[in-house]
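Q: Sequence:
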Amino acid sequence: MGFDKDFIDKVFSNGKDRVNRAIYVKPEELIEISDEDLSYFGEGIFCCLPRNQYIMDHKDEIREKYKLSPNMPKINGIYLGSLVKMRSWTRIWKTNPSLKEIIELTKKESI
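In this note's numbering, the protein residues as written are 857 to 967.
It cannot be assumed that every hint is accurate.
Claimed, not checked - Quick list of in silico lysine-lysine cross-link-like pairs, PhoX-like style, CA-CA up to 25 Å:
| no. | residue 1 | residue 2 |
| --- | --- | --- |
| 1 | K956 | K866 |
| 2 | K915 | K930 |
| 3 | K921 | K950 |
| 4 | K930 | K950 |
| 5 | K956 | K861 |
| 6 | K921 | K866 |
| 7 | K956 | K915 |
| 8 | K861 | K923 |
| 9 | K866 | K915 |
Claimed, not checked - What follows is a list of derived Cβ distance ranges for each label pair:
| no. | residue 1 | residue 2 | range |
| --- | --- | --- | --- |
| 10 | K861 | K923 | 13 to 21 Å |
| 11 | M912 | S938 | 28 to 36 Å |
| 12 | E888 | S925 | 32 to 40 Å |
| 13 | D891 | D916 | 14 to 22 Å |
| 14 | E957 | R919 | 29 to 37 Å |
Keep in mind the hints are simulated off the structure, nothing from the lab. From the three backbone atoms N, C-alpha and C, an ideal C-beta is built for every residue, glycine too.
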């Protein structure tokens, strides 16, 4: 289920990596997420992972290994990558949503 514990340990090995990302979710949530949700969330998962050299160098391998969808999820018709840079994300962010809640928001959009 979700990411391997070894992978998460490697990705979050540096202390600053815990805060250096667009969407803050607990690393444990990335391990506990179901494979179906992980695959559905696709490219959006990179917003939850730190922006470090390891991720940049291994993006294709991560996509292939975890069978990520090539699509970026949308919330309110706006791609997640763009939304996190906008002010409207602040309203969502202030509620401290879990990864599961964020995925549910994107699923509502696709219905």
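Q: Could you run down the list of hints and mark each one as holding or not?
A: To see whether the hints hold, each was checked on the structure:
1. Taking the CA atoms of K956 and K866, the gap is about 23 Å. The hint holds against a cut of 25 Å.
2. At most 25 Å may separate the alpha-carbon atoms for a hinted pair to count; K915 and K930 meet this at roughly 20 Å.
3. With a C-alpha separation of about 32 Å, the suggested pairing of K921 with K950 is violated against the 25 Å cut-off.
4. At roughly 19 Å between alpha-carbon atoms, K930 and K950 fall within 25 Å of each other, so this suggested pair holds.
5. Distance check on the hinted pair: K956 and K861 sit about 18 Å apart at the alpha-carbon level, within 25 Å; holds.
6. A distance of roughly 16 Å separates the Cα atoms of K921 and K866; the hinted pair therefore holds under the 25 Å criterion.
7. Proximity of K956 to K915 is assessed by CA-CA distance (about 22 Å); at most 25 Å being required, the pair is judged to hold.
8. Taking the CA atoms of K861 and K923, the gap is about 17 Å. The hint holds against a cut of 25 Å.
9. Distance restraint check for K866 and K915: the Cα-Cα separation of roughly 14 Å lies within the 25 Å cut-off, and the hinted pair is therefore satisfied.
10. At about 19 Å, the beta-carbon gap between K861 and K923 stays in the expected band of 13 to 21 Å.
11. A C-beta distance of roughly 20 Å is found between M912 and S938, which places it outside the suggested range of 28 to 36 Å.
12. Take E888 and S925: their Cβ atoms lie about 19 Å apart, and the range 32 to 40 Å is violated.
13. At roughly 19 Å, the beta-carbon separation of D891 and D916 lies within the given 14 to 22 Å, and the hint holds.
14. Separated by about 24 Å at the C-beta atoms, E957 and R919 break the suggested range of 29 to 37 Å.
The structure is inconsistent with the numbered hints 3, 11, 12, 14, although it conforms to all the rest.
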